[in-house]
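> Listed in order, the protein sequences are those of chains A, B and C. With my numbering applied, the first sequence corresponds to residues 1 to 388, in that order. With my numbering applied, the second sequence corresponds to residues 1 to 388, in that order. With my numbering applied, the third sequence corresponds to residues 1 to 388, in that order.
For the record, the hints were derived by calculation from the structure and aren't laboratory data. Do not rely on the hints blindly, as some may be mistaken.
Treat identical chains as interchangeable: a pair holds within one or across any two.
[Unchecked claim] Simulated pairs of lysine-lysine, BS3-like, Cα-Cα distance not exceeding 30 Å:
hint: 1; residue 1: Lys151; residue 2: Lys124
hint: 2; residue 1: Lys159; residue 2: Lys136
hint: 3; residue 1: Lys70; residue 2: Lys173
hint: 4; residue 1: Lys300; residue 2: Lys124
hint: 5; residue 1: Lys136; residue 2: Lys331
hint: 6; residue 1: Lys159; residue 2: Lys315
hint: 7; residue 1: Lys300; residue 2: Lys331
hint: 8; residue 1: Lys213; residue 2: Lys159
hint: 9; residue 1: Lys199; residue 2: Lys365
hint: 10; residue 1: Lys22; residue 2: Lys365
hint: 11; residue 1: Lys70; residue 2: Lys136
hint: 12; residue 1: Lys173; residue 2: Lys151
hint: 13; residue 1: Lys173; residue 2: Lys159
hint: 14; residue 1: Lys303; residue 2: Lys173
hint: 15; residue 1: Lys315; residue 2: Lys303
hint: 16; residue 1: Lys213; residue 2: Lys315
hint: 17; residue 1: Lys70; residue 2: Lys300
hint: 18; residue 1: Lys72; residue 2: Lys136
hint: 19; residue 1: Lys55; residue 2: Lys22
Quick caveat, the model's predicted, so the values are computed rather than measured.
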Amino acid sequence: MMKTRGCCASICQCFFEYSTPKILVIRSFKVGTLNRITQALVIAYVIGYVCVLNKGYQETDAVLSSVTTKVKGIALTNTSDLGLQIWDVADYVIPPQEESSFFVLTNLLITLNQTQSHCPEVPKTGFDCTSDRDCKVGSHDTRGNGVQTGKCVYSTVDKTCEVLAWCPLELDKEPPNPPMLADAENFTVLIKNSIRYPKFNFNKRNILPYVNKTYLEQCVFNRITDPDCPIFRLKDMVTEANEDFQTMAVHGGVMGVQIRWECDLDMPSSWCVPRYTFRRLDNKDPVNNVAPGYNFRFAKYYKNGNNEETRTLIKGFGIRFDVMVFGQAGKFNIVPTLLNVGAGLALLGLVTVVCDWIVLTCMTKRNIYNEQKYSYVDDFQLLSNETP
Amino acid sequence: MMKTRGCCASICQCFFEYSTPKILVIRSFKVGTLNRITQALVIAYVIGYVCVLNKGYQETDAVLSSVTTKVKGIALTNTSDLGLQIWDVADYVIPPQEESSFFVLTNLLITLNQTQSHCPEVPKTGFDCTSDRDCKVGSHDTRGNGVQTGKCVYSTVDKTCEVLAWCPLELDKEPPNPPMLADAENFTVLIKNSIRYPKFNFNKRNILPYVNKTYLEQCVFNRITDPDCPIFRLKDMVTEANEDFQTMAVHGGVMGVQIRWECDLDMPSSWCVPRYTFRRLDNKDPVNNVAPGYNFRFAKYYKNGNNEETRTLIKGFGIRFDVMVFGQAGKFNIVPTLLNVGAGLALLGLVTVVCDWIVLTCMTKRNIYNEQKYSYVDDFQLLSNETP
Amino acid sequence: MMKTRGCCASICQCFFEYSTPKILVIRSFKVGTLNRITQALVIAYVIGYVCVLNKGYQETDAVLSSVTTKVKGIALTNTSDLGLQIWDVADYVIPPQEESSFFVLTNLLITLNQTQSHCPEVPKTGFDCTSDRDCKVGSHDTRGNGVQTGKCVYSTVDKTCEVLAWCPLELDKEPPNPPMLADAENFTVLIKNSIRYPKFNFNKRNILPYVNKTYLEQCVFNRITDPDCPIFRLKDMVTEANEDFQTMAVHGGVMGVQIRWECDLDMPSSWCVPRYTFRRLDNKDPVNNVAPGYNFRFAKYYKNGNNEETRTLIKGFGIRFDVMVFGQAGKFNIVPTLLNVGAGLALLGLVTVVCDWIVLTCMTKRNIYNEQKYSYVDDFQLLSNETP
Numbered sequence: 001m002m003k004t005r006g007c008c009a010s011i012c013q014c015f016f017e018y019s020t021p022k023i024l025v026i027r028s029f030k031v032g033t034l035n036r037i038t039q040a041l042v043i044a045y046v047i048g049y050v051c052v053l054n055k056g057y058q059e060t061d062a063v064l065s066s067v068t069t070k071v072k073g074i075a076l077t078n079t080s081d082l083g084l085q086i087w088d089v090a091d092y093v094i095p096p097q098e099e100s101s102f103f104v105l106t107n108l109l110i111t112l113n114q115t116q117s118h119c120p121e122v123p124k125t126g127f128d129c130t131s132d133r134d135c136k137v138g139s140h141d142t143r144g145n146g147v148q149t150g151k152c153v154y155s156t157v158d159k160t161c162e163v164l165a166w167c168p169l170e171l172d173k174e175p176p177n178p179p180m181l182a183d184a185e186n187f188t189v190l191i192k193n194s195i196r197y198p199k200f201n202f203n204k205r206n207i208l209p210y211v212n213k214t215y216l217e218q219c220v221f222n223r224i225t226d227p228d229c230p231i232f233r234l235k236d237m238v239t240e241a242n243e244d245f246q247t248m249a250v251h252g253g254v255m256g257v258q259i260r261w262e263c264d265l266d267m268p269s270s271w272c273v274p275r276y277t278f279r280r281l282d283n284k285d286p287v288n289n290v291a292p293g294y295n296f297r298f299a300k301y302y303k304n305g306n307n308e309e310t311r312t313l314i315k316g317f318g319i320r321f322d323v324m325v326f327g328q329a330g331k332f333n334i335v336p337t338l339l340n341v342g343a344g345l346a347l348l349g350l351v352t353v354v355c356d357w358i359v360l361t362c363m364t365k366r367n368i369y370n371e372q373k374y375s376y377v378d379d380f381q382l383l384s385n386e387t388p
Numbered sequence: 001m002m003k004t005r006g007c008c009a010s011i012c013q014c015f016f017e018y019s020t021p022k023i024l025v026i027r028s029f030k031v032g033t034l035n036r037i038t039q040a041l042v043i044a045y046v047i048g049y050v051c052v053l054n055k056g057y058q059e060t061d062a063v064l065s066s067v068t069t070k071v072k073g074i075a076l077t078n079t080s081d082l083g084l085q086i087w088d089v090a091d092y093v094i095p096p097q098e099e100s101s102f103f104v105l106t107n108l109l110i111t112l113n114q115t116q117s118h119c120p121e122v123p124k125t126g127f128d129c130t131s132d133r134d135c136k137v138g139s140h141d142t143r144g145n146g147v148q149t150g151k152c153v154y155s156t157v158d159k160t161c162e163v164l165a166w167c168p169l170e171l172d173k174e175p176p177n178p179p180m181l182a183d184a185e186n187f188t189v190l191i192k193n194s195i196r197y198p199k200f201n202f203n204k205r206n207i208l209p210y211v212n213k214t215y216l217e218q219c220v221f222n223r224i225t226d227p228d229c230p231i232f233r234l235k236d237m238v239t240e241a242n243e244d245f246q247t248m249a250v251h252g253g254v255m256g257v258q259i260r261w262e263c264d265l266d267m268p269s270s271w272c273v274p275r276y277t278f279r280r281l282d283n284k285d286p287v288n289n290v291a292p293g294y295n296f297r298f299a300k301y302y303k304n305g306n307n308e309e310t311r312t313l314i315k316g317f318g319i320r321f322d323v324m325v326f327g328q329a330g331k332f333n334i335v336p337t338l339l340n341v342g343a344g345l346a347l348l349g350l351v352t353v354v355c356d357w358i359v360l361t362c363m364t365k366r367n368i369y370n371e372q373k374y375s376y377v378d379d380f381q382l383l384s385n386e387t388p
Numbered sequence: 001m002m003k004t005r006g007c008c009a010s011i012c013q014c015f016f017e018y019s020t021p022k023i024l025v026i027r028s029f030k031v032g033t034l035n036r037i038t039q040a041l042v043i044a045y046v047i048g049y050v051c052v053l054n055k056g057y058q059e060t061d062a063v064l065s066s067v068t069t070k071v072k073g074i075a076l077t078n079t080s081d082l083g084l085q086i087w088d089v090a091d092y093v094i095p096p097q098e099e100s101s102f103f104v105l106t107n108l109l110i111t112l113n114q115t116q117s118h119c120p121e122v123p124k125t126g127f128d129c130t131s132d133r134d135c136k137v138g139s140h141d142t143r144g145n146g147v148q149t150g151k152c153v154y155s156t157v158d159k160t161c162e163v164l165a166w167c168p169l170e171l172d173k174e175p176p177n178p179p180m181l182a183d184a185e186n187f188t189v190l191i192k193n194s195i196r197y198p199k200f201n202f203n204k205r206n207i208l209p210y211v212n213k214t215y216l217e218q219c220v221f222n223r224i225t226d227p228d229c230p231i232f233r234l235k236d237m238v239t240e241a242n243e244d245f246q247t248m249a250v251h252g253g254v255m256g257v258q259i260r261w262e263c264d265l266d267m268p269s270s271w272c273v274p275r276y277t278f279r280r281l282d283n284k285d286p287v288n289n290v291a292p293g294y295n296f297r298f299a300k301y302y303k304n305g306n307n308e309e310t311r312t313l314i315k316g317f318g319i320r321f322d323v324m325v326f327g328q329a330g331k332f333n334i335v336p337t338l339l340n341v342g343a344g345l346a347l348l349g350l351v352t353v354v355c356d357w358i359v360l361t362c363m364t365k366r367n368i369y370n371e372q373k374y375s376y377v378d379d380f381q382l383l384s385n386e387t388p
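Only chain A is shown next, with the shape it has when bound in the complex:
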């Protein structure tokens, strides 16, 4: 009976034990000041950087976004090929819809009435010939426009190999300068962007609550006067990226429209508003200016009276606008708060390491401190005494 009781008491004793390290307190001007300064630095870092700047007390969530765009505007061109021609949104936005990007045609080389037939290759190294023997039937390489028929025929000036291709061939020339659709600078685009922070069940869109139909019908984004208008003039976007629209329009390019939603959801939700910035994304480094701009070829297909297919080939130069939506929302949560406080306290442990090293090696009274701080159990004593 007594024994059981003793055993039980021993387990109890063990359970109700609390271990705390024994501490040596050094009271000294120098050491104390050193200690407090180091502590202050660490605490300032933890509070200032981790808590205030990085908002370490908040749980964060990444943005989910959906973007739709709608371009408006008309352009007038006057060429010998086409005469006076009007271009509207169905003509210059290609393809008519994309997920989060839109392309506006600003310049073009047009080749009318192409049919599958025979014609001389464009004069270029590798395609010129003097007789039929220089042309190989069936030969076609990636730089050519068709399959050689084996004949050598007169092109504009020189003789080149005849090819089976969409004829007449597109002439290999520079795009017009000034660009054909110079009017594109006045086109406007309405960008509708709905975002969602799923963790916080928070939805918002870039047409802010106070924006009504009347305002939306006549406003144009301006960083100072209309910072919340979601309608952007193309020229303004390009100008904000420190580019010249007319220069960029000649060879085309890629623009980034960045919408940033940084939301502190501990604050009123009306403070969570989109910030727009614009950048040119493709490189226009003048030193390394190989293959500049952005262009692609597309065609419109027709059938003529004889049920024969003809097409209009267009080499289109233009600006692609990629809409990129960024952002992070934060809201107070106990878990990241604990984690960051814990990490801060761990750094406070560094203070002891640094101070100990200074106190025990540099201070004049280091011997006294050492004596008090350290006790020794020495297994070598016996060893040392035994060895002669």
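Given the coordinates of chain A, assemble chains B and C onto it according to the supplied hints.
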């Protein structure tokens, strides 16, 4: 000789030293209970939250995904302009392929036989006139449809400025309600999604191994009866997002098809299956209902007998489905396990801080504890004695 | 006066206090060796894994990227329907431009001269009939091609229900093998990729500074001889992914072009170069080969002499190339360095826990160590004495 030996021994001594803090063990009901409770809380947090819920012992990898979609179905429309007309996938999916998104036309305003010619502007504020003086030659703004010729002519009722444009102009009216392609609700879409977790060299696709050709030819996704069928009825997707298909089809909109692959690769790989959810992505907030829905204009180009270009302009309303693939895979790895255990132990350090504070300031026997825990080296003693 | 002074001194004393734990140093071969080995392991882990492998001393940034692509090449087909036909980039890239992806047509089923009219359904289960009673006026399901007119008419061999549809209907047959545009393997694509690390204001593009116009006009990417040429032969990309181009071209598929920019910005910026890898993204698992490949339908619309709309329907099989840009840049920064050193030191705390446990339970002299390390304040003494 002896000296070298002594020096060597001293270095050895230093190397074979092991420093461990001296501990004061307090045996007390109150203090012990407090200590154990705090420890239990921290350990429960570390095990429960970090290890079980957050799977802190796993290395994670983000999903790489490829999506292809294929819509099926036909719709019948009957209008005065077009007569009885069949719409199939080549007609209503625009553009015919996109990277991870597809658009289904559900409603449209059609303007037939447009040519580049002269016609009066649509009656709208800013375009009405009484005489030619009200119209400026060459003027065109973003809200207009063409370039003014300077003439003032009779439109339907009122006089408006004449423009050079694609004529006849599109009439500015509301889209038909009910929507023209109301049949679109029965269209189905096969979504093929292959995913990859590169770190773990794990591949899978949403057509699960047991799904055979026969099943795939007749199944339709249903959360209860067919949760693994990758063929979705458009109406079902919209209904799951708590929207009405026919209402949404009138003005169009954007739907998100979310495919979530949460995979615990410590478990059998057959447990790693996709979960489908559907959300409406564009805002349909009735309070702030400016510029609702989703529409864009596109055209089909023809050439008539005189080699003159005509086009059919279509203002297409429809639903864009954005397929979004999410997910994270986790697999046991020693590095994150160590990191999380380390962080947990660091939090245990907090226990001592909290308990110390309570023990040394609140307990009745705090003086005894203080006496035992702290020793002092006091540099001020001399100082204090000297000052009067 | 004295009292204020005393109080002041007491606060001073408190401020200038420095607390450091009292340490028991055990000098022993076994314990010391154990201690040093554990310490060495932890330090090796921290330095080796965290600092060298994971570059824990660097702040990192994710890549922002813009991609444009341009395909070149021509293909020749010879079919009974179309005769000899040349296909160029405007014919086989659909749609003509996309954000970071491009599709190349490699195979097709073509149905010419479709008009909205009446024709028998394709012979397939569910559409065959013996008399008009088997066909329901107005019925159309997702597997059919049109709306039934209620008549039962002769198809090729059997009787099927007549439908209002784009007639003649597309025949349900396998794609040609070898693929029609077999020449596509020699097409090349120029991929222009500009990246940006916004945190470090670092821009670069995949056309490296030394690449000039002459080189760019004739080079083709080759992992050994031309690893920096941004022009890729389609066949080479597919071959690198361990696939056969001609096989893949029959049913189509999805290829991933991965561009990895791993940049250590503490090193010269010329070391930051793109690495290209190629993978097949869609599953071609032979066991689970349901719905293989990638295809979609699109149409070209014409108007004939009677102003009636006709179209050419194309079921296009082909390879979609998704360009994926990855990467992370790192640069030295004091904040992550501190964090990682802190975490490392926290792990050193583990050493004491492990060694203490071994020393105090396994060593022969554990009683001596215990005696020296622990002091006790025992509240139970009285309690134990009192209870009989």
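> I want to check one pair: Lys173 and Lys151. Are their C-alpha atoms no more than 30 Å apart within a copy, between two copies, both, or neither?
within (25 Å within a copy, 39 Å between copies)
> One pair to classify: Lys151 and Lys124, alpha carbons no more than 30 Å apart. Within, between, both, or neither?
For Lys151 and Lys124, only the intra-copy Cα distance (16 Å) is at most 30 Å; the inter-copy one is 50 Å.
> When Cα atoms must be at most 30 Å apart, do Lys159 and Lys136 count as within-copy, between-copy, both, or neither?
Result: close within a single copy only, 15 Å intra versus 52 Å inter.
> I want to check one pair: Lys55 and Lys22. Are their C-alpha atoms no more than 30 Å apart within a copy, between two copies, both, or neither?
neither (36 Å within a copy, 37 Å between copies)
> Evaluate Lys300 and Lys124 at a C-alpha cut-off of 30 Å and name the case that applies: within, between, both or neither.
within (27 Å within a copy, 33 Å between copies)
> Is it within, between, both, or neither for Lys303 and Lys173, if the alpha carbons may be no more than 30 Å apart?
both (28 Å within a copy, 27 Å between copies)
> For the identical chains here, do Lys213 and Lys159 meet the 30 Å Cα criterion within one copy, between copies, both, or neither?
between (64 Å within a copy, 27 Å between copies)
> Since the copies are identical, ignore which copy is meant and state whether Lys70 and Lys300 lie within 30 Å (CA to CA) inside a copy, between copies, both or neither.
both (23 Å within a copy, 19 Å between copies)
> Go through the copies and call it for Lys173 and Lys159: within, between, both or neither, with a Cα cutoff of 30 Å.
within (19 Å within a copy, 46 Å between copies)
> How would you classify Lys300 and Lys331 at a CA-CA limit of 30 Å: within, between, both, or neither?
neither (53 Å within a copy, 50 Å between copies)
> Pop the pair Lys159 and Lys315 into one bin, within, between, both or neither, using alpha-carbon distances up to 30 Å.
within (26 Å within a copy, 40 Å between copies)
> Between the shortest in-copy and the shortest cross-copy C-alpha distance, which are at most 30 Å for Lys72 and Lys136: within, between, both, or neither?
Cα proximity of Lys72 and Lys136: across copies only (21 Å, versus 50 Å in one copy).
Consistency note: the structure conflicts with the earlier hints numbered 5, 7, 9 and 19.
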